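Enquirer: One letter stands for each residue in the lines below.
Number of protein chains: 2
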Amino acid sequence: MFSNVHIVLVNTSHPGNIGSTARAMKTMGFKKLILVNPKEFPSEKSNALAVGCTDVLKTAKVFPSLDVAIGSSNINIGLSARTRKASIPVLSVDDCVKYVLSNNSLKYNIIFGSEASGLSNSDLLKCDYIVSIPTYKDYSSLNLSAAVQLITYELYQKSNIHKLITKKSTSYATTKEKNYFIESLIDLMNETNFMSVKNSKSLTKKIHILFNKANLESDEVNMLLGMINSIYKKLNK
Amino acid sequence: MFSNVHIVLVNTSHPGNIGSTARAMKTMGFKKLILVNPKEFPSEKSNALAVGCTDVLKTAKVFPSLDVAIGSSNINIGLSARTRKASIPVLSVDDCVKYVLSNNSLKYNIIFGSEASGLSNSDLLKCDYIVSIPTYKDYSSLNLSAAVQLITYELYQKSNIHKLITKKSTSYATTKEKNYFIESLIDLMNETNFMSVKNSKSLTKKIHILFNKANLESDEVNMLLGMINSIYKKLNK
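If you read the protein sequences in the order shown, they are chains A and B.
The first sequence begins at 4 in this note's numbering and counts up by one.
The second sequence begins at 4 in this note's numbering and counts up by one.
It is worth saying that the hints were derived from the structure and are not from the lab.
Any given hint could be a false lead.
Note: identical chains are not told apart, hence a pair may lie in one copy or across any two.
[Unchecked claim] The calculated DSSO-like cross-link candidates involving lysine-lysine, where the alpha carbons are at most 27 Å apart (straight line), are:
no.: 1; residue 1: Lys-61; residue 2: Lys-236
no.: 2; residue 1: Lys-140; residue 2: Lys-110
no.: 3; residue 1: Lys-209; residue 2: Lys-161
no.: 4; residue 1: Lys-201; residue 2: Lys-61
no.: 5; residue 1: Lys-61; residue 2: Lys-101
no.: 6; residue 1: Lys-140; residue 2: Lys-64
It should be emphasised that the depicted structure is a prediction, and the values quoted were computed from it without experimental measurement.
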């Protein structure tokens, strides 16, 4: 079940939360855990809280950076309380669930930030979508593993209703392919002086958002790269 | 918000779970916590995990037994994985949410058992309804505070959709009134030898289930007690 969905924890401070997350995942049929730069792992504290599910911890993959961690996936969904700040498309929890369940030939990452500060702005830019779990106005401090529990529960619940459909496999670009293109485009824009020190940050953001929304296929990325190459050739003529 | 809903933890072993529960509750707008016979409370461990919500712990009420704890409420909903064993009416999570949101003039208890074994059979008999959170078949060991998080989240979410309606206040019997009647009836049945050592357990269960389903009003309880009294008078004549 849910073999195409990874739960990704970024910069987790407390090893206990990694153990609780493993338990939360397994109760809902999720087994694929990715850890990006955890403060302490493996750890006795993680094992202690992963009652009956150290298998999830043993098969967890650890990466030094988010980029590498999500390279081979197709769709990245970031959890964040700060949806207004970003212009990245926002999904409700329900729509996120429908989307993930809509096509199990795609590889999804559901990405959770650190306990203290969540996902950074640069991490959010790598996300195709942002999801925010609604909380009561006076106190919004959801525990990390509690957030994982809520999202995995909603997916598990709805998976019994929406029958999983394997759509005709369109060959969506991997995150790595897509980001290689985006970096190439940014290089080019620096080259052309379209990008300056002043506008670099906001432009980078806009480019990410635009191409994340496009749900690029591999062929389309190749085409875009071909376009960039052709521009370079022309420039160097 | 949710001032008519108590979260009741019975025989909690780990004080950390009490702290995590307080946090889970507060993120979804719940503040009323009842603790029945906790192993350790108050506790440093509870406080440490109740980040920013020690107010919930400070106002928590502690009782030595479930009976006393739920005496002044109207409706008791017990969480249990063992729904098949009992013949107590079972609600899905969705139906439970609709029921609790349907009438905020009633006092609801949502009752969670101990980490190791959940609610006992005798505790379940005090419940009007049982709710079971669906989990993946291979591993159903939901953490206590994770279970509280899921139920409170569902209630909070749906409360934004179903507008809270205060129905014309029918004067539902309190749990104390109802159980006083049930005990009187059982005493009478012992008196009449309808109840024996052999059938006492199963009959007690059936009586509880029957009258819990009836959603008794105070007037009805009074009437039933009057009937019992009249029988005693006749017997002693």
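Enquirer: List in ascending order the numbers of the hints, as given earlier, that are violated by the structure.
Expert: The structure breaks hints 1, 3, 4, 5; every other hint is satisfied.
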